[in-house]
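Chains A and B supply the protein sequences, listed in that same order.
The working numbering applies: residue 81 is where the first sequence begins, and numbers increase by one.
The working numbering applies: residue 732 is where the second sequence begins, and numbers increase by one.
Keep in mind the hints are simulated off the structure, nothing from the lab.
Just so you know, not all the hints are guaranteed correct.
Said to hold, decoys possible - Which residues of chain B face chain A? A partial, calculated answer using Cβ under 7 angstroms: (1) S817; (2) V820; (3) L841; (4) S991; (5) G994.
To be verified - Every beta carbon over 12 angstroms from chain B, so not counted as near; a handful from chain A, in silico: (6) V105; (7) L129; (8) L132; (9) N173; (10) L322; (11) G371.
C-beta atoms are modelled at their ideal positions from N, C-alpha and C, and glycine is treated no differently.
Next come the chains, spelled out residue by residue.
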Amino acid sequence: MIESAPSATPQRVTRSRRSARWNAVAGAVAVAVLASLPYLVYANVTGVLVNLFILLSLATLWNLLAGYAGLISVGQQAYIGIGAYAVFVLADNGLSPFLAIPVAALVSGLVAVPASFLLLRLRREYFAIATWVVAEAVLLAVLRSDSLGGGTGATLRGLSDLDPALRQAYTYWAALAVAVATLLGTYLLLRSRVGLDLTAIRDNEIGARSVGVRVALAKGIVYFVAAAGAGAAGGVLIISQLFVQPTSVFSVQWSAYMIFVALIGGLGSIEGPIVGTVIFYMLQQTLADRGAWYLIILGSVAVLMAMWVPRGIWGLISDRFDLRLFPVGYFLHPARGTVKVKS
Amino acid sequence: MVWVNAIVQGILLGGLYALFACGLSLMFGVMRVVNLAHGDLAVLAAYLALAVITGLHVPVLWSALVVAPLFGVVGYAVQRFVIQRSLDVSPLTTLLVTFGLSIVIQNVLLEGVSANSRSLPTGWLASASFQVNSQLSIAYESVIVFSVAVVVLSSLQLFLSRARLGRQVRAAADDLEAASIVGVNVRHVYGIAAAIAFATVALAGVAFGMYSSFDPAAGPQRLIFAFEAVVIGGVGSLWGTLLGGMILGVAQVLGAQVDSSFGVLAGHLVFLVLLALRPNGLIPARLA
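Excised from the complex, chain A in its bound form (with noise of 0.2 angstroms):
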């Protein structure tokens, strides 16, 4: 920032405009009326609701490593698999399977270190594909497990003698935890020392790394929390379907949404794939019984919103309304009027 000259009232410089605090209360009240649910409608919603916020968790890491740290990876499900593994193999040895989900997001991070020191050194092109190939080679391995239940799956044990109202309940809540925490998380970390590193290498990488930014910690310290994030969706995913199958949690299905979420939302914004998300059940909910063809209909338009519409439908949005309901930037507050100067 330019020192200006003395005047009457001085140039403020804040992260947010007053109305973002109303933004934060509007939040609580949504986060606590979603919290209530479970009393106030049947579980088939709640059930629906489960599947939302765990695409929402994953769309919303897929956005932060590919819109805010240009890391395009199609192999998220290993971290997806992983977690729900872990929360089975814990269960299995006698932890609750919603205390275990955490630990299950950190085994997930702690698979993902070593990965991304093999997988960050390449071009980002060849980036995508590579942790493809990391994917498969975890569900190779995972089929050849006898112990993990090899090519049938596994089921969770641990949650057959709780009552299946208050299963579904608190599988709801872990689900609601896992997006609030993802959501919050995300926020945190944008607005913190390494969102401004992204946005550096973002803007230029060869230039952000040459004024002394930490280019590969940054995006080691993104890839691993959102290793760990889907290693935590994994977790409630198992949860809530009470059985593993490999072939489909390691699905490349899983990044097809989180890639359809994530370009339909708006990439480069954490409300984008909140808008994607609600877009994809509706989309899924109407065509439901037209088998593979709400896959290629979404496809098809993540393809034209990428070619035409790159910001997303919430870039749409933001664009129209001025609307930025978590503020990761900087508001410059002149001595008259506001000007924004970075997003």
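Following the hints, position chain B against chain A.
Same frame as chain A, but now just chain B:
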């Protein structure tokens, strides 16, 4: 002798992977585009070949002569109307768009031809082989595919180094702006490169359909094999790609020799180890 047999089969299989990979390598070398729908295009080509074979009652090798030029035309169009537009948005958009295309192709095939796995009828070729000795026999099929791969790679190399259009392709790959200043129609040249890439992937798809069965979801694995061959050999080097394909093929066949379910995983592991040790590939070179 079992091991010698495995190595020979692996090398021949490597030819197929190199055939797969050269389109991927070319598109990356020229346009910096990694086509994530590469494998699905190969599967699509195999289904088209099947339709040609059953519809026109021609042998499998003739079907390739129909499918490959058709794919060349499609490739030119896809490059001009889809990939070029994505390139103009940002390089990363090409990844997202081709990934979207991959999912769309898979699901259109799923709707259109069902999830059943199919294979191309090869007639007398299926069982024909020549016996080197009692334990080593080589199928004609694999020799044909390997020879096609070598011929395609050699002609591609010749085209790029000698032909006028090939030189324009290299110029566009080297320096886009300088090439357009001296009169190269870059968009057309990109279209030509994509047309060649699509035609080779169609050939590879037909060849793969002769080797093994395929279903609508088989594309990603083919993409991964092609990609592994490219990276092991060294990005942008056509002969490196052939070497990479052979290493991958040998690793898979040897792995399968140890345990039948270990083959593909062994290939992935060799790839990951080589990636850790030689991130620039065994023959780091530029295509252009």
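Cross-check of the supplied hints:
Of the supplied interface hints, the one on S817 (chain B) holds, with its beta-carbon coming within about 6 angstroms of a beta-carbon of chain A, less than 7 angstroms. Taking 7 angstroms as the C-beta contact cut-off toward chain A, the hint placing V820 (chain B) at the interface holds, the least distance being around 5 angstroms. Contact between L841 (chain B) and chain A, as hinted, is supported at the beta carbon level, the nearest pair being about 5 angstroms apart and thus within 7 angstroms. Look at S991 (chain B): its Cβ only gets to about 11 angstroms from chain A, farther than 7 angstroms, so that hint breaks.
The beta carbon of G994 (chain B) comes no nearer than 9 angstroms to any beta carbon in chain A, farther than 7 angstroms, and the hint placing it at the interface is violated. Residue-level check passed: V105 (chain A) sits 35 angstroms from the nearest beta carbon of chain B, beyond 12 angstroms. Listed as outside the interface, L129 (chain A) is consistent with that label: its C-beta sits roughly 25 angstroms from the nearest C-beta of chain B, beyond the 12 angstroms cut-off. With a minimum CB-CB distance of about 20 angstroms to chain B, L132 (chain A) clears the 12 angstroms threshold, and the non-interface call stands.
Every beta carbon of chain B lies more than 12 angstroms from that of N173 (chain A), the smallest distance being close to 27 angstroms; the non-interface claim holds. Distance check for L322 (chain A) against chain B: the nearest CB is about 25 angstroms away, which clears 12 angstroms, and the non-interface claim stands. Separation of G371 (chain A) from chain B is inadequate, the least Cβ-Cβ distance of about 6 angstroms not exceeding the 12 angstroms criterion.
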